[in-house]
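Engineer: Spelled out from the first residue to the last, the chains are:
Protein chains: 2
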Amino acid sequence: MSHPVIASPAFFIGKGNDDLISFGSGQPDLAPPPSAYKVLEHFKSFKYGLVQGEEPLREELAKEYPYAEAEDFVITNGASEAIDLALRAIAKDAPGSKVLLPRPYYYSYPHNVAFAWMIPVYTELEEGKLNFEHFKRDVEGCRAVLINSPSNPTGTVQEVDTLKKIEEYCEERGIYIISDEVYKDLIYVRENYLLHGKRVITINSFSKTYAMCGLRVGYLYSKDRDIIETAVEMKSHTSMNTSLVGQAMALAAMSERDSYVESHAKIWRERRDLMYKGMKALGLDLWEPEGAFYVLPKFKNPARAMHDLYYNHKIITYNGEWFGAPDRLRFSYALDVKKIEEGLRRVKDFLGKEYASY
Amino acid sequence: MSHPVIASPAFFIGKGNDDLISFGSGQPDLAPPPSAYKVLEHFKSFKYGLVQGEEPLREELAKEYPYAEAEDFVITNGASEAIDLALRAIAKDAPGSKVLLPRPYYYSYPHNVAFAWMIPVYTELEEGKLNFEHFKRDVEGCRAVLINSPSNPTGTVQEVDTLKKIEEYCEERGIYIISDEVYKDLIYVRENYLLHGKRVITINSFSKTYAMCGLRVGYLYSKDRDIIETAVEMKSHTSMNTSLVGQAMALAAMSERDSYVESHAKIWRERRDLMYKGMKALGLDLWEPEGAFYVLPKFKNPARAMHDLYYNHKIITYNGEWFGAPDRLRFSYALDVKKIEEGLRRVKDFLGKEYASY
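As given, the protein sequences belong to chains A and B, one line each in that order. Each residue of the first sequence is one higher than the last, beginning at -19 in the working numbering. Each residue of the second sequence is one higher than the last, beginning at -19 in the working numbering.
There's no promise every hint is true.
A pair holds if it fits inside one copy or across any two, identical chains being indistinguishable in the list.
[What the hints assert, rightly or not] List time: in silico DSSO-like cross-link candidates among lysine-lysine, alpha-carbon distance up to 30 Å:
| no. | residue 1 | residue 2 |
| --- | --- | --- |
| 1 | Lys116 | Lys27 |
| 2 | Lys27 | Lys43 |
| 3 | Lys246 | Lys27 |
| 4 | Lys24 | Lys328 |
| 5 | Lys(-5) | Lys294 |
| 6 | Lys43 | Lys24 |
| 7 | Lys319 | Lys145 |
| 8 | Lys294 | Lys24 |
| 9 | Lys18 | Lys333 |
Because the hints were derived from the structure by calculation, they are not lab data.
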């Protein structure tokens, strides 16, 4: 066969038709809260806004975090820019520093670290969980660690006990914790545990909670004054204020927060159950997702499986290798139940055919 | 007096009342084209868009540049992100390289170069103009040069003859030219000359032409395939697609391009004439602006003058030192005629009082 090689998630962008089932990109298919669009009717701003972000939005966010104040937030172009700014701010006085990434990781992280002229190093998750003893060994000599719980791509949530030990250990040693909590409102097993401390930088966004991926509004939150000031200073030169219209939509969306999150929790849980049980029934080896909307089952020769699933069964999956999990495939289940069911039927078909001979 | 020291343009953000005349920030006071808001009525997108930017917008932009194609553009969070991405893409294989900045420069440039882990070096403008002989001497050993014509803060437009020589000289030596042309539609003396060549990266934005500063839509354009691919790859990790709602507004604004730009040209020329003649009449030493909306008159002790103008006369001006012009003050005349007239009266008052004793 002479199909093009699938080298990165970018391959799948723009590929979509009625017949394709995409377990690829991690974006909610559900629409944002109606309030977000309602605000557009009277939207008239056009001048520069505060680089740090509009004050009413930061004040509203501060209510979500204990002890937080509006000045502790920087509104960014999605969580991506928040991570980029956090890493660049940390690297400012210490280029070439090491940053610890639990593996499997979100595929952008090693790039983010490298683009900030720092060096990614790794600690291996065990069945998706952090091992504190290994963590202590692996964080040695690191300037920062990037934690993502609930995790993309593992779907796991870290134990509160482990997170508390990490907090204490890092604070004592002056190691920054970048805590990417973009899935904090999509947890099936417990409430979110907010990592906190003097050198913690929390990353979040409106993309997952409010299904606003394309509008690119995220933020970083920290009680570390130097990090906030450096991030604002950098952003004033590298992108200035985040789009005012996006910020207005985000603020409006927050007015529906509780009812929106609650009504969606049921939908996500139903999809999670369907996906997890369906895959187990097919005999696949995977963890039960505790948060976010991903499963990461084991496959023999995942690159070939991804290839065959796409070209022969019209299913998009992501190669685990992109996430530091070379023996697995990532499936996003941000899809309606009918599509998940059809997708599972196709996976079954694949398992009974090509895969049997791998 | 114990007034706070004014250390950077950030000092003035959020300071504004009816009684204050701001010659500070460089943002048009005129509203964007009505079409830009009209598109909001039916706006419903929320999913991730192409990291490179929406195709209809890039296709429309390609019509503005000879030989351009949609794939030569990357839509960014304003010109700021376009400059950041261009520099980071250049630095990727050559950290620590030198980048030449004509001085006076837009105040973000040295920061942008440093944030990309490169080193800013300078060539002095003469009365706001590039001297090609000095340019050749100063560009020695540089990986890139950043040209801004029409210029913020000088208000000058570079000679076409000089620009052509620079194009040829840099192309022969493989030096990147980043050409920041955000004021290309605000030129009083001639048509814009588009710098072009294999290693030219053109920066532009909707902020000045369409008065859309706060909506943060800009772009970079280059025929250098490697730069475009690297910029898109970086952006896919550092901010992803530019806000879809901003891009929709930008595309709508373009439908009114010619009539909007033409009707505004008259307004800008009237303001330019008023500002320049008014300042000459006050005996100030300055160049006649050829583009953009800034004048850069000489002052004795500009830091003190900026301070007194603000605290005693309620006028915001920017210290020339922030732009590498330590003997001058920058005045933006993006203000209506009445405010410019009142501002000039206050400057006259200042010149006759405190300033006389400097």
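Engineer: Against the earlier hints, flag every one the structure doesn't satisfy and list their numbers going up.
Structural biologist: Numbers 1, 4, 7 and 9, in rising order.
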